[in-house]
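Chains as they are written, first to last, in our numbering: chain L, 1 to 111; chain R, 1 to 114.
Don't take each hint at face value.
Stated by the list, open to error - Covered by chain L, per the in silico footprint, the following chain R stretches (three or more residues, Cβ under 8 Å):
id: 1; segment: 18–29
id: 2; segment: 70–83
Claimed, not checked - Derived DEER-like restraints, expressed as beta-carbon distance ranges:
id: 3; chain 1: R; residue 1: V54; chain 2: L; residue 2: P8; range: 36 to 46 Å
id: 4; chain 1: R; residue 1: E62; chain 2: L; residue 2: K15; range: 39 to 49 Å
id: 5; chain 1: R; residue 1: K71; chain 2: L; residue 2: G17; range: 40 to 50 Å
id: 6; chain 1: L; residue 1: A49; chain 2: R; residue 2: T5; range: 23 to 33 Å
id: 7; chain 1: L; residue 1: K15; chain 2: R; residue 2: V54; range: 43 to 53 Å
By construction, these hints were calculated from the structure, which means they are not laboratory data. Virtual Cβ for every residue (Gly too), placed ideally from N, Cα, C.
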Amino acid sequence: QQQVKQSPQSLIVQKGGISIINCAYENTAFDYFPWYQQFPGKGPALLIAIRPDVSEKKEGRFTISFNKSAKQFSLHIMDSQPGDSATYFCAATTGNTPLVFGKGTRLSVIA
Amino acid sequence: EAQVTQNPRYLITVTGKKLTVTCSQNMNHEYMSWYRQDPGLGLRQIYYSMNVEVTDKGDVPEGYKVSRKEKRNFPLILESPSPNQTSLYFCASGTGTGFYNEQFFGPGTRLTVL
């Protein structure tokens, strides 16, 4: 019940296209959903986060869509660029328990 | 510069030889944590600390020890390393309330146990 299932494991997108990464969870007590971005050779860094009181949050080309009834949330990267090539992790917490991370998605944006 | 530092960055050791990976943060964060990252398994939490002298087990604590004697430091100790502890290790510190925190990760320590 503590798991966050992330898909796909890897993703190749053409430059200018839309990258979509999906996460699903079972624990309905989760109420904070961050996404972390990790470039090769670096530690992860917070990219964007959402609370379940909103269905969408946008920051620049990055958007989180949240579907509370389906217990799913997704990251959309619009106009994907080669510089977006990285591993992306979704995560979730109840606030009383540590973050649970998905297994990650390796995104490659090709020109 | 606000940062989390880890040392060493790379380490090759042999089974059973005790080692310590240091972690230090200069952001006055109360929350600190250790993760290991393995291919196909993502980030798994080893231990975390909500404040000085307060530590708790994460998902994969077996074979590891930690201590939090000062706010800025959170060393990870492997008393008797084994090959299955070969991994990429990340220390992180967090700002915010409880687990609703933004975590700042260090650069990682790649450990190989032969």
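These are the hints, each one checked on the structure:
1. 18–29: violated (count 0)
2. 70–83: Answer violated; 0 residues pass the 8 Å Cβ test.
3. R:V54 / L:P8: 36 to 46 Å: holds (38 Å)
4. R:E62 / L:K15: 39 to 49 Å: Once the Cβ atoms are compared, 44 Å apart, the range 39 to 49 Å for K15 of chain L and E62 of chain R holds.
5. R:K71 / L:G17: 40 to 50 Å: holds (45 Å)
6. L:A49 / R:T5: 23 to 33 Å: About 25 Å separates the Cβ atoms of A49 of chain L and T5 of chain R, which means 23 to 33 Å holds.
7. L:K15 / R:V54: 43 to 53 Å: holds (47 Å)
Hint violations for this structure: numbers 1 and 2, all remaining hints satisfied.
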